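We have chain A; now place chains B and C onto it with these hints.
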Amino acid sequence: MPVELLINAIIAGLLLGGFYAAVTVGISISFGILDIVNIAHPAFIILGSYIAYIVNQTLGIDPILTAIIVLPGFYALGAAVYQVYYQSFEKRGQDALRGLAFFFGLLFVTEVMLILVFGVDYRYVQAAYIEYTWHYSFMDLPFRMVIPCVVSLLMVGLLQFYLSRTFTGRAIMAVSQDQLALQLMAADPVKIKRTAFAISIATASIAGALLIVIQPVEPSVGREYIGRVFAICVLGGLQSLPGTVIAAMLLGVVESFTATFYGPSWAPAVSFGFLLLTLAFRPAGLLGR
Amino acid sequence: MAEPLLQVEDLGKRFGGFVALDGINLSVQPGERVGLIGPNGSGKSTLVNCMCGTLQNESGTVRFDGHIVDGLAANKRTHRGMARSFQLPRPFVTLSVAENLRIPLLYTAHSRSGRHLTHDEIESRCHELAGLVGLAAKANKLPRDLTQVEMRKLELARAMAADPKLLIADEAMAGLSQSEVTEIVDLLIKMNERGVTIILIEHIMRAVMSFSQRLVVLVSGKKIADGPPQEVVSHPEVIGAYLGQ
Amino acid sequence: MRSLYFYISSILVGALFFAFARWLGNDYLFFAGYTVLQFIVLATAWNILGGYCGYVNFGSAAFFAVGAYSSVAMHKLAAGIDRYFPESLVGLAKMILPLNVPTLIILGGIMSGLIGLGTGYLTLRLRGAFFAIATLALAVVLQTLIVNWDFVGGSRGAYIIRPNEVPILGSYIQYLFLVMLVLSVVALATARIIEQSRLGYGFATIRDDELAAEACGVPTLRLKLIATTISGALMGMAGAPFPYYIGYLEPSSAFGLAYAVNSIAMPMIGGTTSWVGPLVGALLLGIIQQVATVTISSAVNLLIVGLLLVGFVIVAPKGIIGLVQDFMRERVSDGGRPTWRSRLAIFANMRPGAR
Chain A
1 MPVELLINAI IAGLLLGGFY AAVTVGISIS FGILDIVNIA HPAFIILGSY
51 IAYIVNQTLG IDPILTAIIV LPGFYALGAA VYQVYYQSFE KRGQDALRGL
101 AFFFGLLFVT EVMLILVFGV DYRYVQAAYI EYTWHYSFMD LPFRMVIPCV
151 VSLLMVGLLQ FYLSRTFTGR AIMAVSQDQL ALQLMAADPV KIKRTAFAIS
201 IATASIAGAL LIVIQPVEPS VGREYIGRVF AICVLGGLQS LPGTVIAAML
251 LGVVESFTAT FYGPSWAPAV SFGFLLLTLA FRPAGLLGR
Chain B
1001 MAEPLLQVED LGKRFGGFVA LDGINLSVQP GERVGLIGPN GSGKSTLVNC
1051 MCGTLQNESG TVRFDGHIVD GLAANKRTHR GMARSFQLPR PFVTLSVAEN
1101 LRIPLLYTAH SRSGRHLTHD EIESRCHELA GLVGLAAKAN KLPRDLTQVE
1151 MRKLELARAM AADPKLLIAD EAMAGLSQSE VTEIVDLLIK MNERGVTIIL
1201 IEHIMRAVMS FSQRLVVLVS GKKIADGPPQ EVVSHPEVIG AYLGQ
Chain C
2001 MRSLYFYISS ILVGALFFAF ARWLGNDYLF FAGYTVLQFI VLATAWNILG
2051 GYCGYVNFGS AAFFAVGAYS SVAMHKLAAG IDRYFPESLV GLAKMILPLN
2101 VPTLIILGGI MSGLIGLGTG YLTLRLRGAF FAIATLALAV VLQTLIVNWD
2151 FVGGSRGAYI IRPNEVPILG SYIQYLFLVM LVLSVVALAT ARIIEQSRLG
2201 YGFATIRDDE LAAEACGVPT LRLKLIATTI SGALMGMAGA PFPYYIGYLE
2251 PSSAFGLAYA VNSIAMPMIG GTTSWVGPLV GALLLGIIQQ VATVTISSAV
2301 NLLIVGLLLV GFVIVAPKGI IGLVQDFMRE RVSDGGRPTW RSRLAIFANM
2351 RPGAR
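So the protein lines, in turn, are chains A, B and C.
Under our numbering, the letters of the first sequence match residues 1 to 289, in that order.
Under our numbering, the letters of the second sequence match residues 1001 to 1245, in that order.
Under our numbering, the letters of the third sequence match residues 2001 to 2355, in that order.
Read the hints as simulated data drawn from the structure, not as lab findings.
These figures come from a predicted structure and were not determined experimentally.
Wrong hints could be hidden among the right ones.
Said to hold, decoys possible - List time: in silico DSS-like cross-link candidates among lysine-lysine, alpha-carbon distance up to 30 Å:
(1) A:Lys191 - C:Lys2076
(2) B:Lys1138 - B:Lys1165
(3) B:Lys1076 - B:Lys1165
(4) B:Lys1138 - B:Lys1190
(5) C:Lys2318 - B:Lys1138
(6) C:Lys2318 - B:Lys1141
(7) B:Lys1165 - B:Lys1222
(8) B:Lys1141 - B:Lys1165
(9) C:Lys2076 - C:Lys2094
Okay, chain A solo, but in the shape it has when bound (with noise of 0.2 Å):
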C-alpha cells in the first residue's frame, strides 16, 4: 500500500469529514437537543445546493455567499416547520409515529418537486476556487474540498460559542433537560425551541452550498446523506458538537479508505452500516438516551 495513497486518502477523509460536520451540526440540535426526529434534514440541506446553483447560473454568484445571504429565509422556514410540527404533533400529544411520518413525506415532497422542476441531471456550480488544487509534496488538497470543511468547521465553531455562552443558547441546551426550570426563568420553552429548530434548517442553507461545491448535486442526494447525520449524531454523543465534528472525521476518514481501496460503489454502505454498528451496540434502555 504505496503511503502516499494512504496520506491523501487519509487528507481527502478529513476534509469530507469537516463539511459532513457542517451537515450533520443541524441534526445535532433538531435531534440531539430537541430530539425531533427530522429526517427531512438532507431534503432542505439539498434545497439549499438548488438555490446556490439558481443563483451560480444566474447572477454568478459565490454559492457560499448565497447560502449566508437566504440564511434569513432558511431561518423563516424552519421556524415555520416547527411551528406546523409542534401544532400538530407535539401539542397534542401525538404518538411519534405521525411525527415520523411527517418528516418523511416532507423529505418525500421536497425531492419529488425538485425532480419535476430541475430533472435528474446532475448540478454544479462554478467559482474560482473548485478548479484548483494545491500540491505540497505528494499531498493534494484541492481547494474545493478544503474551503467547505473550513467553512464547516467556523460555523460549528460559531455554534458551540453560541450555545455555550449566549442566554438563549443556554436556554436551548437546557430546554432538553428541564423545560420546568426553564419555564420558572420566564423563557418560553416553545420559543426556545422554534429558535432552535430555525437555527438547525439556517445551518442546511450553508451545508447545502457546502455540498454543491464539493460534489454535482441532483435531487436523491439527500437521501444518502440521512444514514450519514444519524450516524454522526449518535457516535458523536448526540447532543455534543465537538463529539460531532470527531465522528464526522472518523467518518469522512472511513469512507475515504473504502472508496480509495474498494471502491465507490461501496461508500454508502459504510455510513449506514456504521449506524447499524453504532444502534446495535450502543448501550440504551427504554429510559436511557
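Structure of chains B and C alone, referenced to chain A:
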C-alpha cells in the same frame, strides 16, 4: 422472622456523575404496609424503578421472594409478583378501562396459576376489579373520559390485575382532594387486607401516617430513617431534612 | 361467525373482479390489479409493525427487495444447475428447481422474516426513533450489497424469463394476479387475526405506553420481534413474484423509494388502527396512482402520494377509517340496538367508543 418478600441490599444507581442512590438497604416483610417518604429528587422514584426493573441498578442486589432479580426485565418481575403504579398515571389511551384491566390478566395472571385464564375468567376478573375501585359503570370508557381520581384508581386496579404479591404505589394521590385521598388510602388498605404487601411512596403526610405500619425516609439518595411512623417523624434528622417545622 | 363473513366476502369480491377482468379480454386490468394487490399486502404488512405497535419502518423496500432477489437468485441457480451444484446433487437439484411461484413466495417470506428478526434484535431495545432510522440504514446497506453482487446481476440487473402460458388460466399474468390475490387475503386475514387476539392487545400496549406495558407483564421485546418478523415476512412474500411480473429487475426499481412511501402513506391515510385501513388506503392510493401514471406522469403521482401523506398526518391523523368512525359514533348509540352501521363497525373491528 420470616423470609422478607423484598430485600434490597446496598443498592446504587448513578446518572453520569450524579449519584441518585447510594447504598440503599431495605427489607419488606410479606403483608407489610411500608411508607416511603423524602424530598423531591431524593431518589424515591429511582428506587422504585430499580426495584421494578425499569432501570437497572449498578451495584447492590434486589431480592424478591427469595430470588435475585437484578438484570431481570420489568415484565418478568411483574410475572414474579411485583406490580407498580406510576406517579403520573399511564393508562393505555386507545384501550377502554376494561381493556386496560385485561392486559395484566392476559399477560401476567397465568404466571402464578400456571395456566392461561379462559375468556370468561378474564371477563369476570375485569368486572370484579372495576367494581373494586368503583369504575364498573365506566368500564367501556376511554381513559381520557375519566377524572383525575378515576385515572389513579384505574392505575391501581390495573396493577392489582397482575395479581401481585407486592404493590409499589408511586405517589398515587398527588393532586387529589382530601376526600379523594381518603378514598385511595381506604382502597390500598382493602388491597392489603386481601394479602398484598404494599409500599406507598407519598408526600401527603396524612395519608402516609394513616396507612403505614413502617416508615422509610430517603434523602439525597440515602436512607436516613426506617421504623415505626411515630418514631420516624420525631427523628430530628428527618425533621431537618424533610418535614420542617 | 364474523370471520366466516370476512373470508366469504373476500373470496367473492376477488372472484368477481377476476371474472370481470377476464370478460374484458385484455390483460391490462390484471397488470394494474396486481400492483394494487401488491400494495395491499405491503400496506397491511407495514401496519402490523407501524400501526399496531407504533414502530415506523422506513425500509419496506429492503424487505420487498429481499423477497424479489431471493427469487432471482433461485432463478439463476436453476438456470445454471450444472455450474453451481456438485455432481452428486445435480440430479436432485434438477428435480426441485426451478421453484414455482408459491414456493418462491414462501422462501421470500422466510428470508425477509429473518432479516426482520435480525434488524429487530439489533435495534428494538432502543427507542422507536432509532429503530426507524435503522430501517432506513438497512435499506441502503442491502441495496449496496445487492448492487455489488454479480450473481443476481448487480447494478446491470437480471432478466427473468417467464412462461407465456399457464394451463387452465391462459396468460401468465392472470396466474400471478391470482397468486397475489390469495396473498392479499392471507395478509388481511393475518392482520385481522392478530387484532382479535391477545397479540393484538399486546401490540396496542406497546404503541400506547411501552413502559406501562412492561409493568403489566407484557414481554415487549418479544412481541416487537414477532411484529417485525411477520411484517418483514409478508413484505418479502409480496416481493417474491415481482421479478416474474416485471421480467427485468434492477436494484433501483426493487429498492425504489415508491415502496417505502406507499407502504407508509397507505396505512396512514387509510387508518392505522384496523386491518381495514391499509386495505382502504391501498385501494384508494393504488388506483389513483395507476390512473395518474397513465394520464400524467409517474413522478407526479408520487408527489400526490407524498402530499396526501403530509396532509392526512396533519389534518386527519386517524386516517379515513378514523373519519368514518367519528361519523358513526354519533349514529350507533340509539337505544343500544345494533344498527347496520354498528354491525359493520364490529365486523371491521372498529368498535365505536372503545378503540
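The hints, checked one at a time:
With a C-alpha separation of about 59 Å, the suggested pairing of Lys191 (chain A) with Lys2076 (chain C) is violated against the 30 Å cut-off. Straight-line distance between C-alpha atoms of Lys1138 (chain B) and Lys1165 (chain B) comes to about 27 Å, which keeps the hinted pair within the 30 Å bound. Restraint check for Lys1076 (chain B) and Lys1165 (chain B): the C-alpha separation of about 14 Å stays at or below 30 Å, so the hint holds. The straight-line distance between the Cα atoms of Lys1138 (chain B) and Lys1190 (chain B) is roughly 21 Å, inside the 30 Å bound, and the hint therefore holds.
Proximity of Lys2318 (chain C) to Lys1138 (chain B) is assessed by CA-CA distance (about 24 Å); at most 30 Å being required, the pair is judged to hold. Of the supplied pair hints, the one linking Lys2318 (chain C) and Lys1141 (chain B) holds, its CA atoms being roughly 19 Å apart against a limit of 30 Å. The suggested pairing of Lys1165 (chain B) with Lys1222 (chain B) holds, with an alpha-carbon distance near 26 Å, which does not exceed 30 Å. Using a Cα cut-off of 30 Å, the hinted pair Lys1141 (chain B) and Lys1165 (chain B) holds, with the two alpha carbons roughly 29 Å apart.
Between Lys2076 (chain C) and Lys2094 (chain C) the alpha-carbon distance is near 13 Å, which keeps this suggested pair within the 30 Å criterion.
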